Each structure stands twice: as structure tokens, then as C-alpha cells.
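> Sequence:
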Amino acid sequence: MRPRDLHPLCCLPVGDRCSPPPPQPEEPPAVAGVLYKWTNIGKGWRPRWFLIRNDVLAYSKIRRRSRPAEPAAARLIGPAECGDDRPIGFVHLKNSSFRESKSDDRRFYIITPTKTLQLRTDSANDRVAWIEALVSTRAESSPNGGLLDQNDASFSAVRLRNRMHADGLGEEIIKDCEQIVHSEFSQYYAQMKQRCEEYLSFLGSLSRQHKALNADDTANVSEPHPHLIKPEYSCSGHGKCSESSNTESSDDVGRQESDELSDEDDYHFYDTRQSFSDSAASPDLKMKISNSSKDDCLYGDKFVEPRSDMGNSGCLLLSSKHRTKLPKPVETEKGVSLWSMIKDNVGKDLTRVCLPVYFNEPLSSLQKCFEDLEYSYLLDRAYEYGLKGNSLMRILYVAAFAVSGYASSDGRPCKPFNPLLGETYEAEYPENGIRFFSEKVSHHPMVMACHCEGKGWKFWGDSNVKSKFWGQTIQLDPVGVLTLEFDDGETFQWSKVTTTINNLIIGRVYCHHHGTMNISGNREYSCKLTFKQLSFLERNPRQVHGFVKDVNGAKVATLMGKWDESLYCITTDDASRVNFSALGPNADATLLWEKNEPSTNPTRYNLSSFAITLNELTPELKEKLPPTDSRLRPDQRHLENGEYDKANAEKLRLETRQRMSRKMQEFGWKPRWFQRDTEDGTFRYTGGYWEAREQGKWDDCHDIFGEFSDNRKLQASQPV
1184 MRPRDLHPLC
1194 CLPVGDRCSP
1204 PPPQPEEPPA
1214 VAGVLYKWTN
1224 IGKGWRPRWF
1234 LIRNDVLAYS
1244 KIRRRSRPAE
1254 PAAARLIGPA
1264 ECGDDRPIGF
1274 VHLKNSSFRE
1284 SKSDDRRFYI
1294 ITPTKTLQLR
1304 TDSANDRVAW
1314 IEALVSTRAE
1324 SSPNGGLLDQ
1334 NDASFSAVRL
1344 RNRMHADGLG
1354 EEIIKDCEQI
1364 VHSEFSQYYA
1374 QMKQRCEEYL
1384 SFLGSLSRQH
1394 KALNADDTAN
1404 VSEPHPHLIK
1414 PEYSCSGHGK
1424 CSESSNTESS
1434 DDVGRQESDE
1444 LSDEDDYHFY
1454 DTRQSFSDSA
1464 ASPDLKMKIS
1474 NSSKDDCLYG
1484 DKFVEPRSDM
1494 GNSGCLLLSS
1504 KHRTKLPKPV
1514 ETEKGVSLWS
1524 MIKDNVGKDL
1534 TRVCLPVYFN
1544 EPLSSLQKCF
1554 EDLEYSYLLD
1564 RAYEYGLKGN
1574 SLMRILYVAA
1584 FAVSGYASSD
1594 GRPCKPFNPL
1604 LGETYEAEYP
1614 ENGIRFFSEK
1624 VSHHPMVMAC
1634 HCEGKGWKFW
1644 GDSNVKSKFW
1654 GQTIQLDPVG
1664 VLTLEFDDGE
1674 TFQWSKVTTT
1684 INNLIIGRVY
1694 CHHHGTMNIS
1704 GNREYSCKLT
1714 FKQLSFLERN
1724 PRQVHGFVKD
1734 VNGAKVATLM
1744 GKWDESLYCI
1754 TTDDASRVNF
1764 SALGPNADAT
1774 LLWEKNEPST
1784 NPTRYNLSSF
1794 AITLNELTPE
1804 LKEKLPPTDS
1814 RLRPDQRHLE
1824 NGEYDKANAE
1834 KLRLETRQRM
1844 SRKMQEFGWK
1854 PRWFQRDTED
1864 GTFRYTGGYW
1874 EAREQGKWDD
1884 CHDIFGEFSD
1894 NRKLQASQPV
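For the sequence shown, the positions run 1184 to 1903 when the numbering used here is used.
For the record, the hints were derived by calculation from the structure and aren't laboratory data.
Note that the structure is predicted; figures quoted are calculated from it, not measured.
Glycine included, every Cβ here is placed at the ideal spot set by N, Cα and C.
It is possible that part of the hints are untrue.
To be verified - Mimicking BS3-like on lysine-lysine, the simulated pairs with C-alpha atoms at most 30 Å apart in a straight line are:
1) K1738 to K1715
2) K1298 to K1285
3) K1641 to K1517
4) K1598 to K1732
5) K1376 to K1571
6) K1846 to K1511
7) K1880 to K1651
8) K1738 to K1649
9) K1829 to K1805
10) K1638 to K1829
11) K1508 to K1638
12) K1517 to K1220
13) K1651 to K1598
14) K1711 to K1504
15) K1846 to K1598
16) K1638 to K1504
17) K1846 to K1829
18) K1715 to K1732
19) K1638 to K1732
20) K1298 to K1376
21) K1517 to K1571
22) K1880 to K1805
23) K1732 to K1711
24) K1298 to K1220
25) K1508 to K1571
Stated by the list, open to error - Ranges between beta-carbon positions, derived for each pair:
26) N1705 to A1832: 48 to 54 Å
27) R1876 to T1666: 35 to 41 Å
28) G1672 to N1237: 26 to 32 Å
29) D1671 to G1272: 18 to 24 Å
30) N1345 to C1379: 45 to 51 Å
31) K1226 to S1286: 51 to 57 Å
32) K1226 to A1349: 58 to 64 Å
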């Protein structure tokens, strides 16, 4: 036989005598049958042919012409139909969970990280059989189940050799042909194995993300997130609905499904591997957080930094009930001439200057006090470390919390509203384990007191800000002591540093914090932090650095970072020799705190996602609030709604009335919920607010935002 008669790739002779090898029989599906799948609101429930093969569930449309059923090797559930050759969808069971419907004994759901399939059987027994098959298949799947060793994937060349011997080819040519075939097969196998490993790695990452979300849901919410099975369907502009939507559900079915989720009965999740993390994991494992990377955690409608090392306290997870953006402005805002406001007020106390609402943000100073608690998880983490006997890590996280309160001030060009005397603000975030209350306790000097309760700690203090307006800059010097007390008796105290707001006339307005912050503790450690002064030659502004000292005065830890970005620490026996310039993400340092991502709905005020939630007022909350709460202040509410003319009018009215506050204090006015612990000491919460809120009794809380006819009526209405 001449060489031209040989096949160029496999060296097989071409002709009638060369017949292709018989095709290998396809592995039959483990389970097959008809299920009714909800497609969209236009088509409703449609029968589909479902096949379970390995750990993949595939479905296709039902053939209209008659055809024999699937091979006997497949276990058939329901009627003997047959699907189309081309599947229209796949579900990887390894990343899925299954739930029965409680309102319909024939319906069940397959929940994946990206969509939810609503399925229905012909009978309740068929539903049980399908769920058992799905659970069994998912249990038998393994990450490497589809990968074979190359030795297991070998093939025999005996038939090839016999065929070539029959044509009279020599042994040398036959060996060359075998070598060519083996080489091609090895290259093909290596490529397929690499693709399979990448695919399995991708599936594994989806599974971990799915489990992390489920774990957060279980740890922070008393019932599953409705958005996992939220009914959605996509429709084109011509009114045609598509079957390939994310959730593949409808409004009608989805409402029934949401009702089922809100039921207090037990939920039946069929997961062969635990998809909910164990909140009681090993404490030692939870403590391993040094230089951990940043994953995802739900925050409103976006993802933020995780706090997984300290259990449930590790993530600032806002419930979906909190809003994520401000209302759309009703009016177009008008600019204000800065020079006309500045020339008459240079050198005056800023609290005595009446500014238009153009310079305000829709928050009060009482709400700004609570904004310092945005990263309260740091105190939860400090409490956990103290329980484990690690007092050094406790004060490091307390220092990180003290620095984190300045992060939200970056890029905030407007000032908050000055509260009225007796004005209050409450904030209850059970998902974060904190409850906060504040009150303006003095008008001149202006003093605000606050009290917050968290998971194993209490935080309180008062703030008296002395401000000076110098035309181009405003300097704010805080006066007051902040106190943090843990349930085990350890306390820390510190005061805030000076804040300067620059470029009020020319340039971009920005603020800078500078000074020294001393955090004193009543046990082993104390901390000193320095907020570096801004200078024209400074190439790395907004720096914070400091040391932690023990009772003997030895430096045991070093801190370094930026108040608008992050804070790192290094614990060493000789912290005094640590080079500050070497600290950072790439050095041998531990990340204590990192600022959350900015809001996805920015406004002129540049509020953070957390700050956007502070002035939210729902009808249910409005019924529970006292008439003194900041959310009921009319000028602030008008500004948030974009009703600027009304806001200016109300602000002028309230500030005119507030000038009577000094007379109110002279006549013996006292705070309702706070009192000084000593004559010149810190204001402490006296209790009773949350009990009054529970009972709805606000008889001794007057409408401070209302109208008064004369001074005597105003004075007589205040408690003495």
C-alpha cells in the first residue's frame, strides 16, 4: 500500500475496509422525569423534561412526537415522556439547596446563588421522590469526582495494530503511528483536565460564597432573606416575557412564596453539606485575623468589609429595611454668596452665626454623635479579646475605634444642624447589637450627651465644641471626655482632637484633624495617638501614629495609618524602634480597621451609606418617637426633601426661638434624660427613656419644634 493511501493523522488506511470504531454507549441519567416549571407571567407553568446526571440537573422542552422512553437504567419518576435533545438550562446541585412549599404539597424550590427554580410534580409522592434523588445526588458529588487519573483514562491500541498488520505494514511504522496517537491523546487529555480543574475551582468558589451568605443570614436575621427567592421576570418592550430570568418566578407565585417565608414554622432545607456556618466555631480559629483579606458582606444594597473572625459581631450588616439613598429634591437649590456671609461674621462664635440651610447637611449634631458608632464591631471585637485574656489586642481595637470615628468626615462640605435645647435622638440597630440615645443638655455652652449600649460594653460622654470662624477656616476644639466600659470592669477614656475646616472662600473645602489623643485605661495598658498637623511640605497627609504602653511605661505595640483609610499595628518587644514609614499593607503589620466603601448613591452632602440611614423616618417609627427627636425637626426634614425655601423659613423660626434658651437655663431648666455625675463631671444617662418608649408615655416631653406665644409660656412649659 502506498503512503498516499494512509490517513494523514492516525496513519489508518482509507477504504471500505477501514470502519470507524463503534461509539461508546452514553452513560444513562440517574433520574429522569417530567416536572412543571414556572416560566414567566405570560406562559405560567410549563412541562419540562428533567435529567439528573452526575451532579448536574438539566432540563429541556417536551417533544411533541412520540418517542420511546429513556433507557431502563434511568429511574423514571412520573409519566414516560421524553425531552428535546438540546437542554435549555442546567443547575449544579453541589451549589444548590432545596425547599418544600408549605402551601402546596406538590411544589418545591431549587435555590442557587443566582436564581431560584419553582417546580411542581403531579403528586406529593413524586415530590418526595424527586427531593430524595436530588439530595442523594448532591451527597455523592465531590469536587474531584469528574477528574480521572491519566492512567485510568488510557486506551488500547491492539485493534489499531491488528488492522495495520492486516495491511502488511511493518513494525516500525506501526510503532510510529502508536506514538503519534498517544501523543495527541496526552495533549488533549492535559487540556481537558486543566479546563475541568478551572471549572471545578469556579464552582467551589460559588459554593463558598453561597455558604457565607447563608451563614450571615442565619447569624444576623431571624428568617431567610426574601431576595433569595424574590419573584422577578424580564419582559421586552413588546410585552413578551422571557423564560431566562434570574429568579424564574412571577409576582403571583412570588407573593405566595414570600408569605411562606414569613411564616414562623420550621423551614425544610435539604442540604447534604452544611451550608450554614457554625457560629460556635473554635475561638482560636476565630482569632486568626492578621492580614486577612477583604471579602464581601451585605451592607444595605451593597457589599462591604467582612468581620468574620469574631462570630456574629464581625460584620456591620444593615438590615434591608434601612434606606440606601435620600429623597429626590423637590426644588432646585440656589447658591449663596459666601463673601456676604463672611464679612459680617469674622471672629465670631460660629454657634451665634445664623447661616442659611445651604451650608447645612440634613443631619443634626446629635445624629453625628451616633455616626461615630458606625464601626461598633471594633468594640465587639475588643470585648471578645478581653474575655480571652488578650488585653493588648483589646486596647488596640479600642484605639482603632477612636480613629474610625473621623473617617466619615472626609469630603463632607456642610455642617450639621445645631440641636435645640432638649432635642433628642435615638438609634436602635438590633442587627448590630447597639442601642444609642443622645440629648442636648445645655445651650450655652452647647453640650450634647450620649449613651450607647453594645455587646458587652457601654459607651457614653458629652461634647462641648468651641468654634471660631476666621473667614477662610473654621477651627473646632472639642471639650469633653468619652468613656468606654466593658462588662468585665475594664474602662477606657479619651478626648477628641482639634478639627480645622479649610478653603471656605477659595478652593475645595476640606477638613483636617490634628492633635494628640490619649486613651487611658484602668488596668494594664494605655495608648497615645498623634494626628499629624497638615503642612504644605507633607506628601502623605492625614497620618495617625502612636504607641501602646504597659504599666511600666514600656512600648509594647505601634500603630500607624490614616484616619480616612485604615489603621495597622505591630506588636513587638521593642516597639520604640519600629520605623513608622515601614508600616502599611505590604509590611509585617496587622490590619485593625479599614474604611467602608462610599455610598453608591452620592449626594451633594457626600453622606456615607451609614449616614444616609440616620434621618430615615418611617410611619411605624414616627408613632414611637418623642416630640423632641431630631427626625421630627421641620427645617432639617425640608432640607432632606429638597424644599429649600421652607427649610430656610423654619430654620429662621427655630433659631429665633432658640435664643430664649439661655433664659430657660437661668430659670432652672434641666435635662430630661441625663445629669452630671459630679458638679463639673460628665453627663451620665439616668435611664428610663427606652421604658417610656415601650409604653409610649411622653407626657413630660414637650413639642420643642412648635410655636409659643410668649416667653412666660415657654418658661412655664419646661421642667425645673
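> Now look at each hint and say whether the structure bears it out.
Outcome of the hint check:
| no. | hint | in the structure |
| --- | --- | --- |
| 1 | K1738 to K1715 | holds, 20 Å |
| 2 | K1298 to K1285 | holds, 20 Å |
| 3 | K1641 to K1517 | violated, 43 Å |
| 4 | K1598 to K1732 | violated, 36 Å |
| 5 | K1376 to K1571 | violated, 47 Å |
| 6 | K1846 to K1511 | violated, 40 Å |
| 7 | K1880 to K1651 | violated, 40 Å |
| 8 | K1738 to K1649 | violated, 33 Å |
| 9 | K1829 to K1805 | holds, 21 Å |
| 10 | K1638 to K1829 | violated, 41 Å |
| 11 | K1508 to K1638 | holds, 28 Å |
| 12 | K1517 to K1220 | violated, 56 Å |
| 13 | K1651 to K1598 | holds, 14 Å |
| 14 | K1711 to K1504 | violated, 39 Å |
| 15 | K1846 to K1598 | holds, 26 Å |
| 16 | K1638 to K1504 | holds, 22 Å |
| 17 | K1846 to K1829 | holds, 28 Å |
| 18 | K1715 to K1732 | holds, 20 Å |
| 19 | K1638 to K1732 | holds, 26 Å |
| 20 | K1298 to K1376 | holds, 29 Å |
| 21 | K1517 to K1571 | violated, 56 Å |
| 22 | K1880 to K1805 | holds, 14 Å |
| 23 | K1732 to K1711 | holds, 8 Å |
| 24 | K1298 to K1220 | holds, 13 Å |
| 25 | K1508 to K1571 | violated, 40 Å |
| 26 | N1705 to A1832: 48 to 54 Å | holds, 51 Å |
| 27 | R1876 to T1666: 35 to 41 Å | violated, 24 Å |
| 28 | G1672 to N1237: 26 to 32 Å | violated, 59 Å |
| 29 | D1671 to G1272: 18 to 24 Å | violated, 56 Å |
| 30 | N1345 to C1379: 45 to 51 Å | violated, 33 Å |
| 31 | K1226 to S1286: 51 to 57 Å | violated, 22 Å |
| 32 | K1226 to A1349: 58 to 64 Å | holds, 59 Å |
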